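Whenever a hint applies, use it, and build me the whole structure from the sequences.
Chains as they are written, first to last, in my numbering: chain A, 252 to 720; chain B, 31 to 142.
Take these hints with a grain of salt, some might be off.
Stated by the list, open to error - Under the rule of at most 30 Å between Cα atoms (straight-line distance), these lysine-lysine pairs were calculated in the BS3-like manner:
id, chain 1, residue 1, chain 2, residue 2
1, A, 550, A, 445
2, A, 481, B, 64
3, B, 80, A, 486
As the list claims (entries may be wrong) - Chain A is faced by these chain B residues, among others (derived, beta-carbon under 7 Å):
id, residue
4, 75
5, 76
6, 77
7, 78
8, 79
9, 82
I should point out that these hints are in silico values taken from the structure, not numbers from a laboratory.
All values derive from a computational prediction rather than experimental measurement.
Each residue gets a CB set at the ideal place from its N, CA and C atoms; glycine is no exception.
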Amino acid sequence: MLKNMEKFGKLMILTCVILIALSSPGAAVTAEENAQAINDVQTALTFVWLLVASALVFFMHTGFSLVEIGLTRSKNTANILMKNFMTITLGILVYWAVGWGVMYGADAAGLIGTDQFLLMGVDNATFNGWFFQMVFAATGATIVSGAMAERTGFKAYLVYCILMVAIIYPVYGHWVWSGADAALLTGAESPIVKAIGVAHHDFAGSGVVHSIGGYAALAGVLLVGARIGKFRNGKPLAIPGHNLTYAFMGTLILALGWIGFNGGSTLDGNDPYMNLVVVNTFLSAAAGAVMVMLITWMKTGKPDPSLTANGLLGGLVAITAPCGSVSNGASIVIGIIAGIIIYAGVMFNENVLKVDDPVGAIAVHGYCGSWGLLSVGLFSIGIGNGILADAAYAAEVPGLLYGGGVGLLAIQATGVILSIVWGLGVSYVIFKIIDLVIGLRVPEEIEIMGLDIAEHDIRAYPEHQLIED
Amino acid sequence: MYKVEAIIKPTKLHEVKDSLEEAGFASLTVTEVKGRGQQKGMVQQWRGRKYCVDLLPKTKIEIVLSEDEIDEVVELIRKTASTGEIGDGKIFIYPVKSVVRIRTGEKDGDAL
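Pasting the structure below:
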């Protein structure tokens, strides 16, 4: 009986193979049908690639959470986890309701989008694009939570977070990425682009995501003030974080996410230049980390772990604008300079500006973001030249060091200035209003007790008896 | 009867515990404590800045012994816990008035 079944099975398979072989050549395909089929596969590939890339960027919120809790004290862990968690969850809803429309809706004067709110009237392809852009918007917003950690009230942060995803981020994003003819920094009809003669280029958001987030963080820390005990007679002191393991895991998760962040930003699953993008991204990241390790080693006698981790992130942020426009060598130089900016930026913030940023977010995202924008103007190879012979999405013209003159550098610098004016200025006004209406900072006794118990009635590690200063 | 109280480096606990057991002194009480000696703690580094940890984690071992065992145990702990570096700790010896075994009610020498 069993043997008969086996025989029957074999016969069936053979029949199927013969039938397929007979039927296939019969179905002749026209050239048009063939082209259509290829087109369909390519579209599907882009959809799938962008969903994978979005998933990687979504996962970066795990990274942000871990870096921020690792570099701060255990008494504020639950509060920081909640702030990061609510950033992505509110981000989904707010970017759906308002943010996307402001960023990609029908253009008004090159400044702001005006329709597609609640994703009304959009097609299936737009859902794909929305999801990718949404995870970016939430990334920009969450940068602020680390810089302002350990003393900013939960309610105040939520209000800021909503306004960031609804207005601050998407308005600047509209100027750069909306594709509108009049888009302030990139549209051919924009007076700025006309005057300088070349469009601004920010591949995946050194400016749009990181600078805006970083300078919003600077506005926040200026207003909220330093943590109790950070400065004594104006001299900055160390407040060690509670878990370097989390900080390093988070940093590596962020780096993983950058494969989606930069790699996905060609917005085309068939663009072979995503490979150059990913290689450049990691060269810069590595150079940034090595550079900070060497600087701290020379300056203090010991290589500093958490600053070195910041160095990797600085390299990643800086290369986010130029990654599709520059050579491998230039990427390493960009990462090395990002490393210098990380160390100098963290020290400048504490020694000169006297601001308290427990995780280094302002140096990582603000300063290195600006450097990334400028680096396009220096190192861009230009579409059609050398390794960019077939590139579709890169800075159009060569940069200053590649014989392109100062035009590209000038428009990149314009972007830097606008991102500072907008990111710092508007955030400052919004934080000021929040401060006046609900108060930005928790009372002193709550800050000393820790925000976990005061704001959430829980400790992140309830079974540990922790001694805190 | 005497109590030997040794404050040692936490990293030395296992070595000290094992060598005591080998020498026939299995009973002991261990507590995680914090403290400092003449060096006033230790300078560490966070994000490029020095800071002083002025109370360091230490381990306290307590053993109660009869008088004839004291010298052997103290010397054993001293030898095993020593690294020759600062912060190796100290050993204190106190007289013990009385001992009671909770389970049986045995007293003093019988209870050890």
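Quick rundown of the hints versus the structure:
Distance check on the hinted pair: residue 550 of chain A and residue 445 of chain A sit about 46 Å apart at the alpha-carbon level, beyond 30 Å; violated. A threshold of 30 Å between alpha carbons decides the hint, and for residue 481 of chain A with residue 64 of chain B the separation of about 24 Å falls inside it, so the pair holds. A C-alpha spacing of about 12 Å is found between residue 80 of chain B and residue 486 of chain A, which places the hinted pair at or below 30 Å, so the restraint holds. For the restraint placing residue 75 of chain B at the interface with chain A, the shortest Cβ-Cβ distance is roughly 6 Å, inside the 7 Å limit, so the hint holds.
Interface restraint check for residue 76 of chain B: the shortest CB-CB distance to chain A comes to about 4 Å, inside 7 Å, so the restraint holds. Taking 7 Å as the C-beta contact cut-off toward chain A, the hint placing residue 77 of chain B at the interface holds, the least distance being around 5 Å. Hint status for residue 78 of chain B relative to chain A: holds, with the closest Cβ pair at about 5 Å, below 7 Å. Taking 7 Å as the C-beta cut-off, the interface hint given for residue 79 of chain B holds, the closest approach to chain A being about 4 Å.
Hint status for residue 82 of chain B relative to chain A: violated, with the closest Cβ pair at about 10 Å, above 7 Å.
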